[in-house]
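Asks: Residue-level listing of the chains:
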Amino acid sequence: MHRLPPFKIHAACGTCGIIDRKRNRFRVHDLVNAMANMRERGNGLGAGFVAYGIFPDHADDYCLQTMLLDAAALDRTREYLNSVCTVVHDEVIPTRKTATITDEPLLWRFFVQPLAEKVAAKAEWTEQDYMVDVVMTINRDIDGAYVASSGKNMGIFKGVGYPEPIAEYYRLEDYEGYIWISHTRFPTNTGGWWGGAHPFGILDWSIVHNGEISSYGVNKRYVQSWGYECTLFTDSEVISYLFDLLCRKHGLSIEMASLAMAPPEWEQIDVEQQPELKKLYSAMRQVYPGALLNGPFAVIAGHEGGMVGLSDRLKLRPLAAAEKGDKGYIASEEAAIWAAAGQPDRSWPIDAGKPVRFDLQEA
Amino acid sequence: MALSVLAPEFIIKRDPDLCIECGVCSRQCSFDTHTIDPEDGSITSDAIRCCGCQRCASLCPTGALTIIERELTGRSHPNWTLGAQRNIARQAETGGMLLTGMGSDKPYKNIWDHLVLNASQVTNPSIDPLREPMELRTYLGSKPDRVEFDDDGNLLSEIGPLLELDVPIMFSAMSYGSISLNACKSLAAAAAQSGTYFNTGEGGLHRDLYQYSDRAIVQVASGRFGVNPEYLAHSAAVEIKIGQGAKPGIGGHLPGEKVTADISQTRMIPMGADAISPAPHHDIYSIEDLKQLIYALKEATNYTKPISVKIAAVNNVIPIASGCVRAGADIVAIDGVRGGSGATPTVIRDNVGIPIEFAIAAVDSQLRKENIRNQASIVAAGGFRNSADIMKAIALGADAVYIGTSALIALGCHMCQKCYTGKCTWGIATQDPYLTKRLNPEIGTRRAANLLRAWGLEMKEMLGGMGMDSIDSLRGNREMLRGIGLTKEELEILDVAPAGM
Numbered sequence: 002m003h004r005l006p007p008f009k010i011h012a013a014c015g016t017c018g019i020i021d022r023k024r025n026r027f028r029v030h031d032l033v034n035a036m037a038n039m040r041e042r043g044n045g046l047g048a049g050f051v052a053y054g055i056f057p058d059h060a061d062d063y064c065l066q067t068m069l070l071d072a073a074a075l076d077r078t079r080e081y082l083n084s085v086c087t088v089v090h091d092e093v094i095p096t097r098k099t100a101t102i103t104d105e106p107l108l109w110r111f112f113v114q115p116l117a118e119k120v121a122a123k124a125e126w127t128e129q130d131y132m133v134d135v136v137m138t139i140n141r142d143i144d145g146a147y148v149a150s151s152g153k154n155m156g157i158f159k160g161v162g163y164p165e166p167i168a169e170y171y172r173l174e175d176y177e178g179y180i181w182i183s184h185t186r187f188p189t190n191t192g193g194w195w196g197g198a199h200p201f202g203i204l205d206w207s208i209v210h211n212g213e214i215s216s217y218g219v220n221k222r223y224v225q226s227w228g229y230e231c232t233l234f235t236d237s238e239v240i241s242y243l244f245d246l247l248c249r250k251h252g253l254s255i256e257m258a259s260l261a262m263a264p265p266e267w268e269q270i271d272v273e274q275q276p277e278l279k280k281l282y283s284a285m286r287q288v289y290p291g292a293l294l295n296g297p298f299a300v301i302a303g304h305e306g307g308m309v310g311l312s313d314r315l316k317l318r319p320l321a322a323a324e325k326g327d328k329g330y331i332a333s334e335e336a337a338i339w340a341a342a343g344q345p346d347r348s349w350p351i352d353a354g355k356p357v358r359f360d361l362q363e364a
Numbered sequence: 012m013a014l015s016v017l018a019p020e021f022i023i024k025r026d027p028d029l030c031i032e033c034g035v036c037s038r039q040c041s042f043d044t045h046t047i048d049p050e051d052g053s054i055t056s057d058a059i060r061c062c063g064c065q066r067c068a069s070l071c072p073t074g075a076l077t078i079i080e081r082e083l084t085g086r087s088h089p090n091w092t093l094g095a096q097r098n099i100a101r102q103a104e105t106g107g108m109l110l111t112g113m114g115s116d117k118p119y120k121n122i123w124d125h126l127v128l129n130a131s132q133v134t135n136p137s138i139d140p141l142r143e144p145m146e147l148r149t150y151l152g153s154k155p156d157r158v159e160f161d162d163d164g165n166l167l168s169e170i171g172p173l174l175e176l177d178v179p180i181m182f183s184a185m186s187y188g189s190i191s192l193n194a195c196k197s198l199a200a201a202a203a204q205s206g207t208y209f210n211t212g213e214g215g216l217h218r219d220l221y222q223y224s225d226r227a228i229v230q231v232a233s234g235r236f237g238v239n240p241e242y243l244a245h246s247a248a249v250e251i252k253i254g255q256g257a258k259p260g261i262g263g264h265l266p267g268e269k270v271t272a273d274i275s276q277t278r279m280i281p282m283g284a285d286a287i288s289p290a291p292h293h294d295i296y297s298i299e300d301l302k303q304l305i306y307a308l309k310e311a312t313n314y315t316k317p318i319s320v321k322i323a324a325v326n327n328v329i330p331i332a333s334g335c336v337r338a339g340a341d342i343v344a345i346d347g348v349r350g351g352s353g354a355t356p357t358v359i360r361d362n363v364g365i366p367i368e369f370a371i372a373a374v375d376s377q378l379r380k381e382n383i384r385n386q387a388s389i390v391a392a393g394g395f396r397n398s399a400d401i402m403k404a405i406a407l408g409a410d411a412v413y414i415g416t417s418a419l420i421a422l423g424c425h426m427c428q429k430c431y432t433g434k435c436t437w438g439i440a441t442q443d444p445y446l447t448k449r450l451n452p453e454i455g456t457r458r459a460a461n462l463l464r465a466w467g468l469e470m471k472e473m474l475g476g477m478g479m480d481s482i483d484s485l486r487g488n489r490e491m492l493r494g495i496g497l498t499k500e501e502l503e504i505l506d507v508a509p510a511g512m
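The listed protein sequences derive, respectively, from chains A and B.
Note that the first sequence covers residues 2 to 364 in the numbering used here.
Note that the second sequence covers residues 12 to 512 in the numbering used here.
The set of hints was computed from the structure by calculation and includes no laboratory data.
Cβ coordinates follow ideal geometry from the N, Cα and C atoms, glycine included.
Fair warning: there could be bad hints in the mix.
Mimicking EDC-like on lysine to aspartate or glutamate, the simulated pairs with C-alpha atoms at most 20 angstroms apart in a straight line are [as the list claims (entries may be wrong)]:
no.: 1; chain 1: B; residue 1: K309; chain 2: B; residue 2: E381
no.: 2; chain 1: A; residue 1: K279; chain 2: B; residue 2: D219
no.: 3; chain 1: B; residue 1: K448; chain 2: B; residue 2: D219
no.: 4; chain 1: A; residue 1: K123; chain 2: B; residue 2: E381
no.: 5; chain 1: A; residue 1: K280; chain 2: B; residue 2: D443
no.: 6; chain 1: B; residue 1: K380; chain 2: A; residue 2: D142
no.: 7; chain 1: A; residue 1: K316; chain 2: B; residue 2: E143
no.: 8; chain 1: B; residue 1: K117; chain 2: B; residue 2: E143
no.: 9; chain 1: B; residue 1: K380; chain 2: A; residue 2: E125
Facing chain B, a subset of chain A residues (Cβ under 8 angstroms, in silico) [to be verified]:
no.: 10; residue: K280
no.: 11; residue: M285
no.: 12; residue: P297
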């Protein structure tokens, strides 16, 4: 599972996300059209989807969607999970044989509840901290096992291939969700392999990413000191951990987390006229240099409350947003949005370093 | 005493066709190498006195002088090298420790020369610092782990006190006493001009430097020289000196003859008295004691200044540094085996301590492992020769560096290693009023500030080449380094991949 191909292919990636802010669940079809429209942004070495709201029958259970090298890895994973969680239900992730998707791992999902007494064993741990530790332990210690997603009422479906065959392979037409996000990959810093495809996720956070982060080494070491294990050797993985760390553990709003990751330049801060803003920006930069993402990136992140788009502070990668009716769209190209939805009511390019949020209305 | 049997270390070549017997060489040499005959005005040179400082050759108006290092001659032996034999002979003549100035000249493997930096190519574009903002700004001091807000979104966290550096290079601790007041003034003014800091060393803060208080890191060493409320008030930060790279475990000693009226006033000691600052602080015999001093200084400065603890890089530098952070140090300054000195026993300088490269990497990793990295900044010191060394130090985890030797070279030092004699011909490591005038503080300021500017420009260029616009993104970024010719163990400690991977 953790073997990397010994080559690199350099270029860009395509991303698109669709949200229904009123939580009306919809199918993946429009998103697949959008991704097909950005075929040149991928090279068939990785694609994936994340969907929120797809497991209403298990909405309160953590759903661990795992990629496993073989049956023995499944046994090891199952044995470990039974020792740290109550496995409410588990099943093979439904797939179908397709012409182009090959070398697939064993795909299994577990709906689990953490064992309360084990969570309570460490005073500083919340239930989510405990689940992060469970995920990190599997990724680090269980040979041939990797957790692709671990949130509630959501799942990540990814592999080596283009988006359309990946959707077909995972039978995504059978699911209904209120947020769908997809990625087509043109790998730059690791080769094409199942675990390295996007989205990356931890708990309910998922991210797809176009770009290559020059600050990866700093960001990786920063999240590692907060207990996140970077087992996938890619900058994109780190971004999902940063969202979880900053928003969940540090309690920052999405705007503040974005400020940590894509802050204004010091020369802008120096001329900021509002003293409170100046103090805020300075504090964010002084405390969070390890979270600053340097280099080009355009990210679409999904979470239990909605979807957010964020690009680097120099805007070196494209990202566009649009809305039509109750739906919000974020994509690498506006053309992809048109391919999904026709003409939007409103569309705009995302500003450098300024997050665009589409929030779900309260259920 | 019997006549020395040692041959001179240098050869003095005087071209008789060019020499006009003007006497400049004689006046410039504080070691009395060149003598003018009072009768006929001819000049003779005594090579045994020459320290190789190049002052006479540099200022000879006709270029008549050439000073070259003399190869040691004699029966060589792989174990009993000529250098080893020479040192024994010197000690047999004097019965004393061999003293030296500046950093170790032992050819230890220099890890900087075995590390190379990364550069962006296609996928993450490099950045042109001539057209884009390129940030070297660095804040030193303790920062909270997270920023907190109240329910209305107002900022609750108070950050600081922090030192703000426009360039992550500071001038190392060099006391008034070890260097001249003009040298101190040069470094202080250059630090102020360049948006960085100078360090008083253990010599107190001369009143002429009060104008640079906001750029001064004042040291509290075991001798407590010059330490009083006024001294602490005239500072941007306070540094407790525990160790020094050139002489770990060894204290400082300024001979009484160098304690002039001005130095006596600045150090608060009697004129002509030896200024001894032993290695142990006599109120610090444990980490708990250090903690008490750190908090005493925080109390004394009303928690408005970061407190630094300077240690030498030694075997157990990891737990020592971690202990300092847990004791409340806002900055840990670590000085490596190549660190400089005004005077130290040669045997200590050349054989005690570890290279700063390993210390930075190991300490940064450990502080991150303990999740206390935000609680203190790491300042590295010990032989930084150029901006690339500094970039590599930052990539290994340093927040900023101290430079001492290279700063003195910028002022004019020619590395003759005779600082301890007090006869520095370039007017830097001396208190002789005839010699100190040779360093014009305005020129010194310009030269030291130029060095920082030049290195800053180079650092921005390298940073942009790596696709980064902030030094924040290099700090501890081991991915930006590759090792060449390093052993597996060395690479592991540095946490750096070998070139080609």
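Asks: Assess, step by step, whether the Cα of K280(A) is no farther than 20 angstroms from the Cα of D443(B), and give holds or violated.
Replies: violated (49 angstroms)
Asks: Just to be careful, I want the Cα atoms of K316(A) and E143(B) compared with a cutoff of 20 angstroms; is the pair within it?
Replies: With Cα atoms ~13 angstroms apart, K316(A) and E143(B) stay inside 20 angstroms; holds.
Asks: Verify the proposed pairing of K117(B) with E143(B), using a straight-line Cα cut of 20 angstroms.
Replies: violated (42 angstroms)
Asks: Hint check: K279(A) vs D219(B), CA-CA at most 20 angstroms. Holds or violated?
Replies: violated (34 angstroms)
Asks: Measure nothing beyond the straight line between the CA atoms of K309(B) and E381(B); if it is 20 angstroms or shorter, mark the hint as holding.
Replies: violated (24 angstroms)
Asks: Keeping to a limit of 20 angstroms between CA atoms, is the pair of K123(A) and E381(B) held or broken?
Replies: holds (17 angstroms)
Asks: Minimum Cβ distance from M285(A) to chain B below 8 angstroms?
Replies: Since chain B brings a Cβ to about 6 angstroms from M285(A), closer than 8 angstroms, the hint holds.
Asks: Below or equal to 20 angstroms on CA atoms is what counts here, so check K380(B) against D142(A).
Replies: Holds - the C-alpha atoms of D142(A) and K380(B) are around 19 angstroms apart, at most 20 angstroms.
Asks: For the pair we were handed, K448(B) and D219(B), check the Cα-Cα distance against 20 angstroms.
Replies: holds (16 angstroms)
Asks: If you take the shortest Cβ to Cβ gap from P297(A) to chain B, is it below 8 angstroms?
Replies: holds (6 angstroms)
Asks: Using Cβ atoms only, decide whether K280(A) comes closer than 8 angstroms to chain B, and label the hint accordingly.
Replies: Given a least distance of 6 angstroms, the restraint on K280(A) holds.
Asks: Within a Cα-Cα threshold of 20 angstroms, do K380(B) and E125(A) meet the stated pairing?
Replies: holds (17 angstroms)
The structure fails hints 1, 2, 5 and 8 (numbered hints given earlier, in ascending order).
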